[in-house]
Each structure stands twice: as C-alpha cells, then as structure tokens.
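Please model the complete structure; the sequences and the hints are all you need to start from.
Here the protein sequences come in this chain order: A and B. If you're matching positions, the first sequence starts at 103 in this note's numbering and goes up one per residue. If you're matching positions, the second sequence starts at 11 in this note's numbering and goes up one per residue.
Please keep in mind that the hints were generated in silico from the structure rather than gathered at the bench. The structure displayed is predicted, hence computed values, not measured ones. Keep in mind that the hints are not guaranteed to be accurate.
As the list claims (entries may be wrong) - 25 Å max Cα-Cα, derived DSS-like pairs, lysine-lysine:
#1 B:Lys786 x A:Lys256
#2 A:Lys218 x B:Lys793
#3 B:Lys679 x A:Lys159
#4 B:Lys153 x B:Lys174
#5 A:Lys227 x B:Lys388
#6 B:Lys388 x A:Lys118
#7 B:Lys204 x B:Lys154
#8 A:Lys218 x B:Lys388
#9 B:Lys174 x A:Lys200
#10 A:Lys118 x B:Lys199
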Amino acid sequence: MILHRCVIDCTFFTRKEILRLHGRYHELAPHLVPMDYTNEPDCKIPLALIVNMPELKENPFRNRIVESFSEDGMGNLSFNEFVDMFSVLSEMAPRELKAIYAFKIYDFNVDNYLCKEDLEKTLNKLTKEELTPEEVELVCEKTIEEADLDGDHKLSFADFENMISRAPDFLSTFHIRI
Amino acid sequence: MRRKTKLPGGVEEQTGRSWPRNVVAMMMRMKARMSLLRGREEEQPIRRKEAKPRTVMRRTVMWGKERRERREEGRKERRRKKKRRPRVRRTPLNSLTVVYAGFDSVCPFLPSSSDSNSNSSEEEESMSEGEMARLMEEVEEKKKLIANIRNKPWRMQRRLKLLKEAQEFVDKFEGALGKGKGRKWYAYKVMMTKKWIKFQRDFENFRTACIPWERKIKEVESHFGSSVASYFIFLRWMYGMNLVLFGFTFGLVVIPEVLMGLPYGSIPRKTVPRAEQDTAQDYSVLMDFNGYCKYSVLFYGYYNDQRTVGVLKFRLPLSYLMVGIGTFGYSLMLVIRTMAKNADVGGGDGEDSDFTFAWKMFTSWDYLIGNAETADNKYASITTSFKESIVDEQENQKDENIHLRRFLRVLANFLITCSLGGSGYLIYFVVKRSQEFATRDDLSWYEKNEMEIVMSLLGLVCPPLFETIAELEDYHPRIALKWQLGRIFALFLGNLYTFLFALFDEVNTKLEEEQSIKNASIWAMKEYYANYSRLMNDSEATPPPMDPADVIRGPCWETAVGIEFVKLTVSDIQVSYLTILIGDFARAVIVRFLNYCWCWDLEAGFPSYGEFDISGNVLGLVFNQGMIWMGAFYAPGLVGINVLRLLSSMYYQCWAVMATNVPHERVFKASKSNNFYMGLLLLVLFLSLLPVVYTIMTLPPSFDCGPFSGKDKMFDIIMETIDLDLPAFMGTLFSYAANPGLIIPAVLLMVLAIYYLNSVSEAYQNSNMELKKKMKMARDEEKNRRNNADTTNQVMKDLEDLLPNRSLIPPAPPEPEKPPEQEPKPKPTKTKPGTAGKGVNLQKDVALASSNPNARGPVSRPPGPRGPGPGPGAGPGRGRGRGPPPR
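In structure tokens, the structure reads:
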C-alpha cells in the first residue's frame with residue numbers, strides 16, 4: 103500500500119501496525135470500508151461502531167475520544183483519523199501531544215476551556231455518579247482552585263498543561279495498546 | 011535584515027502556491043519520486059555542468075571581501091555544501107523559479123535596509139550568500155518538519171497535506187528524502203525504542219506479577235479504601251519477614267537435627283516416657299501439644315547437646331543459639347529499615363501535593379482497561395479515592411468551636427485513662443488473687459479460670475468503649491485510628507504482663523523442682539547400675555544402657571514455656587478465625603437472608619453488615635508476632651506454624667472482607683507510611699526481647715534436655731566455641747573486647763553519634779520545611795503573575811484548529827508588513843532551525859516563561875477564544891517579548 107509511507111511519517115506506527123489497524127478498521131464496518139485504498143475513498147465510520155471496539159468499550163470517555171479525533175466533531179472517523187487517534191494514544195506519543203488531546207477529550211462542550219460543567223461531567227463519568235452533588239461540587243471547586251492559574255474559574259490549556267505535566271501517572275494511564 | 015527572517019516564509023508561500031493546492035494523489039507523487047531517484051544518475055552530467063556557473067557566481071559573491079577571510083570561509087562553505095550543492099541544482103527549472111521568487115521577495119526591500127551605494131557590493135554578496143544559506147535552512151527545516159510532523163497536534167488531513175508539501179519541497183532540492191542510510195538508521199532506532207519499551211513493560215508486568223497478592227490487595231483497596239488495604243499490606247510484609255525467619259530456623263536448626271542428629275527413641279529426651287506412652291497418641295493430648303508432640307523436633311527439649319552432628323561436624327547447639335539471637339537481630343534490623351524507608355516515602359511529598367483533585371480527575375482513569383470487571387473495580391477505586399480525599403478536605407475546611415473541641419478531647423482522654431487505669435488495676439488484682447489460689451486446691455471452676463475470664467471480658471468490652479469515647483474527640487478517622495490503636499495497645503500490654511507473670515512463676519517452680527529431680531535421676535541411674543552388677547554378680551560386665559523411656563526426667567522448663575506459646579498461638583488462630591466466621595460471616599448471612607422476612611430493614615438498620623476492624627486486626631497481628639518472637643527460641647516449630655497462619659489468614663481475611671464486610675462510613679486514606687504499625691511492632695519486639703534475653707543470660711538450662719544441657723548458662727556455648735574451635739589469640743581478643751574499658755567508650759561514642767545524627771536530621775527537616783514553604787510561595791506568586799492567559803500562542807491556535815471542520819482552512823496568511831517600530835532581529839540566518847519542528851515545545855516555552863516578569867503585559871481583558879489571527883511567530887506575537895517592560 104502506498105498510503106503507508108505518508109501515514110507512517112505522520113504517526114507513531116510502523117507499516118505492519120498500520121496494516122493491522124486497517125484490518126481492525128475494516129472489521130468494524132466491512133460493508134463500508136474497502137480494502138483497497140489506492141483511490142483514497144472517502145469513507146467514514148460512525149461513532150457508534152467505533153466505541154464498540156474492545157479497547158474503547160469500557161472507557162467512560164469513549165465518545166469524547168472519538169469525537170475529539172473526528173473532523174466533524176460528531177465522531178465519524180475516516181481511516182486517517184482513526185490511525186491518528188491510536189497514534190496519539192500510543193505509548194510513543196510525547197507528553198505534549200497527549201496533553202493536547204487529553205484536554206480536548208475532557209472539554210465536553212468544545213469551547214477550549216474546561217469549565218465547571220466539563221469537570222462535573224468528567225467526575226460523574228469517572229465515579230458512575232456515586233458521589234453526592236455536594237461532593238461533586240466540592241471536588242470540582244477544589245480542582246479548579248488547584249489548577250487555575252489565571253483566576254478565571256475555568257481551566258485554559260495552559261493551566262491544564264501545567265498541571266498535567268507534573269502528574270506522575272498521566273503518561274502511563276493515557277495510552278491504549280492496540 | 012528582518013526581511014531575511016521573513017524570507018523563508020515567503021519562499022514557502024510562493025513555492026507552495028506554484029504547486030497545485032489540491033492534494034496530489036500520493037501514488038503519483040511516489041511515482042514521481044521513484045523516477046526522480048532513478049533519474050539521478052542520468053542527471054549527473056547536467057549537474058556537473060551546472061556546477062560551473064555556480065562557481066562563477068560564488069566568485070562574484072566573494073568580491074570585495076578580505077582575502078584571508080574569504081578563503082577560510084570559502085573552504086568552510088565548500089566543505090559544508092559539498093554534498094548539498096549538486097543536489098540543489100538537480101532540477102534546474104524549479105530551483106531557478108524558487109531562487110527568483112526569493113529574489114523577488116528580497117529585492118524590493120534592498121533599498122530600505124541600506125540606501126548608500128558604498129556598501130552595495132557587500133550587500134549583494136550577503137544577499138546571495140544568505141540566500142543559499144536560507145535555502146539550505148529551509149530544506150533543513152522542512153526535513154525537520156517531516157521528522158517531527160507526528161508530534162504536531164494537527165488534524166491528520168492537515169498533517170498529510172503539510173507533509174506532502176514539505177516532502178515535495180525537499181524532493182525538489184534534495185532528491186529523495188534524507189539519505190537512505192539515515193532513514194534506515196532512524197527506522198532501526200524507532201524499532202529498537204519500541205522493543206525496549208515493550209521489554210520494559212513486560213519486565214514491569216513480570217515484577218508486579220511477582221509481588222504476591224498484589225491483585226487481591228488492589229481489589230480490597232478499590233472497595234474498602236487504602237486504610238483497610240494497609241492492614242493487608244502489613245500482613246504481607248509480616249509474612250515475608252516470617253518466611254525469612256522460618257528459613258533460618260528450619261535451615262539451620264530443625265533440618266540438621268532431623269537429618270544428622272540421633273533418631274527418635276535413641277536417648278531419653280527424644281523418647282516419650284513410659285508413664286505417658288499410653289495416652290501419647292490421644293487426640294486431646296496431641297492437641298495440648300503433649301505426648302508425641304512434646305518430644306518432637308518442634309520443641310527445645312528434643313535437641314541433643316552433642317557439640318557437632320553428622321559428617322559435616324555441624325555445631326548444632328551453637329547454631330541454635332545463634333539463630334535464636336539472629337531472629338531478633340534480623341527482625342530488629344528489618345523493622346527499623348522499613349521504618350526508615352517509609353519515613354522517606356512519607357517525607358517525599360506526594361501526600362500534600364498541589365494537585366490532589368486535579369490529578370485524580372484527569373489521570374486516574376487507566377485507558378488501558380478493556381475488561382468489564384477491571385473497569386468496575388477501577389470505578390470503585392476511583393470513587394473510593396475521591397471519597398478519601400473529600401474526607402481529608404472536609405477535615406481541612408472544618409471550622410469549629412475550638413474551645414469546646416479541646417474540652418471534649420481532654421475529657422475523652424481523661425475517661426480513657428480512667429478506664430485503662432481501672433482495667434490495669436483489675437488485672438493486677440486478679441493476678442494477685444490467682445497467686446493466692448495457686449496454693450489452694452479446693453477451687454471452684456470460676457476461681458480456676460478467673461484470670462482468663464477477666465482478660466477476655468476486658469478485651470471484649472474495652473475496645474468498643476474506647477471507640478465510643480473517641481467519638482467525643484471528633485478526630486479525622488486516620489488520626490482516630492492511631493489513637494484507638496495506641497489505647498488498645500496499652501490495654502493489651504496488661505494481657506502480656508499477666509501472661510509473662512504466670513509464665514515466670516511456672517518457670518521458677520520448675521527450676522526448684524528440677525534440682526531435686528536431677529539428684530533423683532542420678533541416684534536412680536546409680537541404683538540401676540548397682541542393681542545390674544549385683545544381679546549379674548559380675549562387676550566387670552558393662553550393663554546394657556537403661557531403656558530411654560524409663561529414665562527419670564527433669565521437668566524441662568524450656569519445653570514447657572514453648573508449649574505454652576504454641577498453645578497460645580493456636581488458640582489465638584482459632585479464636586480469630588471463629589470470630590470472623592461467626593461475627594462477620596454468620597451476621598452477614600443472617601442480615602442478608604432474614605431481611606426478606608423481618609419487620610425492619612436489617613441491612614440499613616440495626617445489625618447491618620460488619621465493618622472491617624482495622625485496629626483490632628492490626629493489634630492482633632502485632633501481638634501474635636510478639637508471641638512468635640518470644641516463643642521461637644523455645645519452640646522452633648512455632649515459626650512454621652506462624653507462617654501457615656499468616657498464609658491462610660491472607661486468603662481467609664481477603665475473602666471475608668470482600669464477602670461479608672461493608673466499607674467504613676467515612677472511607678479514609680491510610681497514612682502514606684505504615685510507620686505507626688511498625689512503631690507498635692518495634693515496641694512489641696523490644697518487650698518480647700527482654701524476657702528471652704533474660705532467660706538466656708541468667709537462668710540455668712535444664713540438665714537433661716535441649717542443646718545446652720550440662721552448661722551453667724546458655725551462652726557458655728559461645729565461650730566453648732571460642733576456646734575450642736578458634737585459634738587462641740581470638741580468645742584473648744574477645745576477652746579484651748569484653749573489657750569495660752573498651753565497652754564504655756564505645757557506648758559513649760554511639761551515644762554521641764546518635765546525638766549528632768539526630769541533630770543533622772533535624773536540620774534537614776527544617777530546611778525541608780523551608781523549601782516547601784518557598785515552593786508554595788513561588789506557586790502563589792506564579793498564580794498571581796499569570797493573570798493573563800496568553801491566547802496568542804501556537805497551542806491555542808492548534809487547539810482551535812482542532813475544533814470540528816477546521817483543519818482544511820488554509821493557515822492564516824502571514825502578515826504582509828511588520829510593525830515598523832520593531833527592532834530588527836540581530837541574526838536572521840541563525841534562527842533556530844528547529845523552530846518549525848518544535849512548535850509545541852516552543853509554545854510551551856512561551857506559555858511557561860513566567861519566570862520572566864517582563865514577558866507579558868498586565869491583564870487588560872478577559873481571555874477569550876481568538877479567531878484565525880496572525881501566524882505563529884509573526885508580528886505582535888513575537889514582538890511582544892521585545893517590547894518595553896510593562897511595569
């Protein structure tokens with residue numbers, strides 16, 4: 103496949119891995135995805151199919167992950183975006199890159215700020231809504247207080263990166279093996 | 011000059027536009043490249059031809075420069091460009107257009123940078139010189155971009171497009187991208203990195219898999235919090251330690267005796283006496299560790315006093331003593347080392363990190379989880395850990411009536427001291443009474459068992475009482491646990507005291523008894539021989555040795571003590587297991603199933619499910635270990651029993667806690683270090699060390715049993731070894747070493763060393779605190795200073811690009827003109843070649859450059875999203891750093 107040359111340069115995968123990824127991609131929707139990519143067909147797989155992959159199925163943020171990697175924001179992924187997603191989530195990707203996408207993922211309302219609303223959603227997804235509203239309130243407020251450097255009561259990317267760059271297990275947890 | 015910085019962008023633009031904007035099919039491009047590669051040889055002659063005009067140009071370029079300088083530079087240049095130059099010229103047409111494009115963009119600016127004619131030649135020269143360099147740089151930059159494009163937070167489509175452009179650009183000027191060798195090498199490096207990472211991962215997995223019960227404990231932790239898990243971690247640690255002790259005892263004492271010592275039944279101490287033989291195999295007798303058990307390798311009395319055993323001449327008695335002392339030495343060392351290590355961890359921050367909640371929020375989910383069950387556990391553990399932190403936080407936020415609180419705490423402590431004093435007196439009273447009873451025979455059942463009954467009643471009533479009183483104090487649960495542990499520990503010390511008291515009573519009576527039996531035994535032996543010779547009427551004949559079962563024995567107090575400890579341990583095991591079975595399991599079963607047909611809600615109401623009793627379990631473990639330390643010298647088998655106990659209890663309790671208990675109402679985080687448990691353990695270790703050392707040093711060993719029989723004191727065995735086995739000068743050396751004149755200075759020295767180290771550690775602690783304070787101040791300052799979110803940086807722009815449907819919007823055109831007030835950049839050609847490639851890092855530098863207070867103006871407007879503005883590094887974004895300091 104010719105496509106790989108370029109894709110290899112754009113991702114952290116080897117040729118073999120990309121082929122395997124394509125296999126997986128094809129598997130998701132055999133009727134939609136052609137095996138032949140010479141003409142760069144324009145096909146996309148909808149979110150509902152992708153989040154059912156075993157790698158993503160248990161992830162509370164699966165929808166957000168797929169959405170933030172999709173061009174249209176709705177979670178329809180072309181193969182390139184699909185590869186891009188797993189490339190960023192691979193363990194070879196540098197912290198800066200991962201931080202950017204982590205920020206995107208946690209930014210539920212897509213306004214490039216993590217506001218309280220986003221944090222509440224994140225927390226509820228993390229705990230399966232087992233905390234009481236007061237506890238959620240407390241946690242969100244503490245989080246903002248801790249990480250907000252510019253005092254606007256929401257986390258900009260600079261705040262987020264400053265916080266995440268010191269987190270000890272961010273790199274080890276923010277990756278998916280495929 | 012500033013135009014020159016601008017130039018690369020200009021070139022890029024022009025060249026970029028000269029090619030079709032639409033994405034060229036990759037295949038086509040690749041084909042083109044292939045043909046290019048193939049065509050390289052054919053091009054060679056052309057290239058050589060091309061070289062000539064270039065040299066001419068170079069000559070003109072060098073016109074007017076100082077000769078020496080020129081020659082040097084020329085040489086350098088030539089060396090540098092040797093490889094590159096021919097390639098640049100490979101596709102003459104395109105490169106010419108590019109060069110012209112470059113000229114176009116440079117030429118109009120020429121007059122503005124220098125309007126005098128005097129240095130026009132110089133200008134021209136630097137222009138074309140710079141031109142070449144810039145071209146090179148451009149190519150380098152593109153190559154860097156190609157290498158780094160995977161690190162860019164761009165949409166795949168944009169990335170592909172840019173990559174394609176860059177590759178085409180590079181192809182134009184350099185032929186095939188990179189040198190084949192370099193590319194291979196790079197691929198190899200990447201592969202090796204991957205392999206290495208995989209290896210590390212596997213190794214890490216392997217190491218985690220090697221830690222016993224890690225998964226079990228993690229599971230408990232995720233549901234019950236780190237405080238309950240800390241008990242299991244303590245249990246595991248204890249198991250490890252006991253395994254080592256077990257290794258020592260069995261490897262150096264028990265197994266040599268079994269393999270190389272005399273077999274069972276050969277000598278009196280290894281034989282069941284005739285009087286006991288009928289009942290020696292009864293179950294009840296064996297359960298009391300009498301009969302065959304008593305005369306087995308489990309107990310002190312079985313060991314022979316031969317100096318050496320077997321062909322190896324293994325010095326068993328010496329080994330026995332050494333193992334006895336070594337047990338304590340090893341335990342002491344291990345406990346202290348663990349404490350030191352834990353203190354290190356505790357001191358190493360992390361507990362009071364600045365980002366407790368933020369990190370929990372954003373890094374606690376493990377994206378690797380792909381298994382539903384694991385995911386459920388993870389949810390539970392995240393919830394638990396949030397709850398733990400919330401409890402901590404609420405504790406911090408609590409503002410309260412400090413006077414009332416203080417008063418209540420004093421009151422609670424007063425009450426607890428009273429009850430401790432009361433129970434202490436009760437124990438003392440009962441022990442006194444039992445001594446009185448010991449002389450009497452007509453005892454009722456109650457009087458016989460009074461002490462045990464009182465002790466167990468105390469143990470039953472006091473801990474809940476303490477817990478109730480502790481409610482008054484309203485401490486954080488973690489601190490409350492410590493207080494509870496300390497108080498129950500004090501109570502249990504009474505237990506220990508009574509036990510030891512009774513034991514020493516018994517030992518003393520046995521010792522008195524022994525003297526008379528020893529005489530009787532010797533007398534009986536003489537009698538036996540006398541009778542034998544009289545009956546045989548042959549004083550010369552050596553009589554056959556007396557049957558070992560018939561020999562009159564001493565009471566062998568060491569074995570008695572050993573049996574006492576083993577019995578205690580076993581009954582402790584039984585009690586604790588039964589408690590779990592009845593108190594937790596039966597309760598859970600009843601609550602669970604009777605709830606269907608009961609008049610109130612059993613699960614939520616009165617009996618409910620049990621909580622895991624951390625303090626009771628930890629103390630049980632600690633005191634059990636005390637028993638082991640005390641008893642191991644008299645019953646080597648005790649260590650083995652204990653290992654079995656800990657092993658089974660690990661599984662049993664893990665099951666019990668998961669199956670029958672509910673988490674605490676306020677799940678709290680265990681303190682980072684388990685040092686409180688360790689401290690208790692250390693105290694118990696000292697307490698159990700004392701009686702053992704006392705008996706070794708002062709009491710005479712039994713005359714007819716154990717490895718030290720026949721000696722005055724147990725430690726005589728060491729003297730004997732020094733005298734007989736070591737060369738003579740060692741003996742004198744030891745006698746010198748035992749000289750008080752040497753010992754007192756040594757002790758003094760140690761005291762001084764302790765004092766010194768203590769003060770040093772205090773100083774370190776102070777400076778540590780100071781540093782922490784400073785860090786906090788720095789952080790606050792940073793917060794204040796960063797009042798402005800710098801939205802004009804690249805990352806923000808990238809982020810905005812990642813908004814849906816944005817990737818193919820062409821990057822904002824570079825600003826046509828720079829603000830005139832801007833200073834010219836001093837060295838345009840030296841702009842870092844990595845600027846394009848390291849976009850992210852660079853931005854980060856910009857964003858985090860808070861250490862330079864001049865970097866940013868004061869806040870004037872709230873930060874907000876920003877439309878497609880000037881490109882990175884263009885115009886104001888760059889200029890800002892150069893502006894006058896705002897303050």
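How the hints compare with the structure:
The hinted pair formed by Lys786 of chain B and Lys256 of chain A meets the criterion: a straight-line CA distance of about 21 Å does not exceed 25 Å. With a C-alpha separation of about 19 Å, the suggested pairing of Lys218 of chain A with Lys793 of chain B holds against the 25 Å cut-off. Pair hint Lys679 of chain B plus Lys159 of chain A does not hold up; C-alpha atoms about 30 Å apart against a cutoff of 25 Å. At roughly 11 Å between alpha-carbon atoms, Lys153 of chain B and Lys174 of chain B fall within 25 Å of each other, so this suggested pair holds.
Pair hint Lys227 of chain A plus Lys388 of chain B holds up; C-alpha atoms about 12 Å apart against a cutoff of 25 Å. Proximity of Lys388 of chain B to Lys118 of chain A is assessed by CA-CA distance (about 32 Å); at most 25 Å being required, the pair is judged violated. Among the hinted pairs, Lys204 of chain B with Lys154 of chain B is consistent with the structure: their alpha-carbon atoms are about 21 Å apart, no more than 25 Å. The straight-line distance between the Cα atoms of Lys218 of chain A and Lys388 of chain B is roughly 23 Å, inside the 25 Å bound, and the hint therefore holds.
With a C-alpha separation of about 24 Å, the suggested pair Lys174 of chain B and Lys200 of chain A falls inside the 25 Å cut-off, and the hint holds. For a cut-off of 25 Å, the pair hint linking Lys118 of chain A to Lys199 of chain B stands: about 16 Å separates their Cα positions.
Violated hints, listed in ascending order, are 3 and 6; each of the other numbered hints is respected by the structure.
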